[in-house]
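J.: The primary structure of each chain is shown beneath.
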Amino acid sequence: GAVVSQHPSRVICKSGTSVKIECRSLDFQATTMFWYRQFPKQSLMLMATSNEGSKATYEQGVEKDKFLINHASLTLSTLTVTSAHPEDSSFYICSALRGLSYNEQFFGPGTRLTVL
Amino acid sequence: SQELEQSPQSLIVQEGKNLTINCTSSKTLYGLYWYKQKYGEGLIFLMMLQKGGEEKSHEKITAKLDEKKQQSSLHITASQPSHAGIYLCGADERGAQKLVFGQGTRLTINP
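For the protein sequence lines, the chains are A and B, in the order given. Take the first sequence: its position 51, counting from 1, is numbered 53 in this note's numbering, and each next residue is one higher. Take the second sequence: its position 40, counting from 1, is numbered 1009 in this note's numbering, and each next residue is one higher.
Keep in mind that the hints are not guaranteed to be accurate.
[Stated by the list, open to error] Simulated pairs of lysine to aspartate or glutamate, EDC-like, Cα-Cα distance not exceeding 20 Å: (1) B/Lys1067 x A/Glu65; (2) B/Lys1067 x A/Glu106; (3) B/Lys1005 x B/Glu1036; (4) B/Lys1020 x B/Glu984; (5) A/Lys43 x B/Glu1024.
[Said to hold, decoys possible] Stretches of chain A that chain B covers, calculated by requiring three or more beta carbons in the stretch to come under 8 Å of a beta carbon on chain B: (6) 38 to 46; (7) 101 to 108.
These aren't lab readings, by the way, just hints derived from the structure by calculation. For glycine and all other residues, C-beta sits at the position ideal for the given N, C-alpha and C.
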């Protein structure tokens, strides 16, 4: 089956620093990747849609300058949380689309970010 | 925008019992997806439903989409500890090219 990895799985950082999270499709090429945020006991909220070679499309209310997304290749997308604050602490999940249908969307294991 | 409401939000059942989780949409569903998530992990795709009245099964899990395509149910027969986790429904939001998710149902199986 298709595998999507995320790195790191957990990160703790100080307030004001920047954190980069990588999302890789290991055995397929993904023209589209998605970044989600999940709060405890809540659903996944789509943050942005990332297409290879073009700028990411951000959902309403998501700050583009705060959450920088780069989709440099067909197998790698990165999310950088800039000048992180405690309220950015959350579980971030990426997914990669292998085909055209959402049943071909494969999710990474997630990254838990804690900002002190 | 489309909204999905799942019920119940949490469920505790005895091992071996049957259970049902519901997902209700504010708009007609064009594609309904069921996922399972273990705490602190990513989502695993279970099933996709598209047609009104459609029903799919995999092992002991059956998912249905009603005729009006606004409600789906996920039924687990003879639950096992391995079924424990968070179940989320997701819908293909037409025109927006994205999935929206319900808030999830946390399932606990007691031995």
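J.: Would you mind marking each hint as holding or not holding in the structure?
T.: Structure-based check of each hint:
Restraint check for B/Lys1067 and A/Glu65: satisfied, since their Cα atoms lie roughly 19 Å apart, inside the 20 Å limit. For the hint pairing B/Lys1067 with A/Glu106, the CA-to-CA distance comes to about 13 Å; that is within 20 Å, so the pair holds. At roughly 24 Å between alpha-carbon atoms, B/Lys1005 and B/Glu1036 are farther apart than 20 Å, so this suggested pair is violated. Between B/Lys1020 and B/Glu984 the CA atoms are separated by roughly 32 Å; this puts the pair beyond 20 Å, and the hint is violated.
With a C-alpha separation of about 28 Å, the suggested pairing of A/Lys43 with B/Glu1024 is violated against the 20 Å cut-off. Counting residues of the stretch 38 to 46 of chain A whose CB falls under 8 Å from any CB of chain B gives 4; the rule of at least 3 is met. A stretch counts as covered by a chain when three or more of its residues have a beta carbon under 8 Å from one of that chain; for the stretch 101 to 108 of chain A and chain B the count is 5, and the coverage holds.
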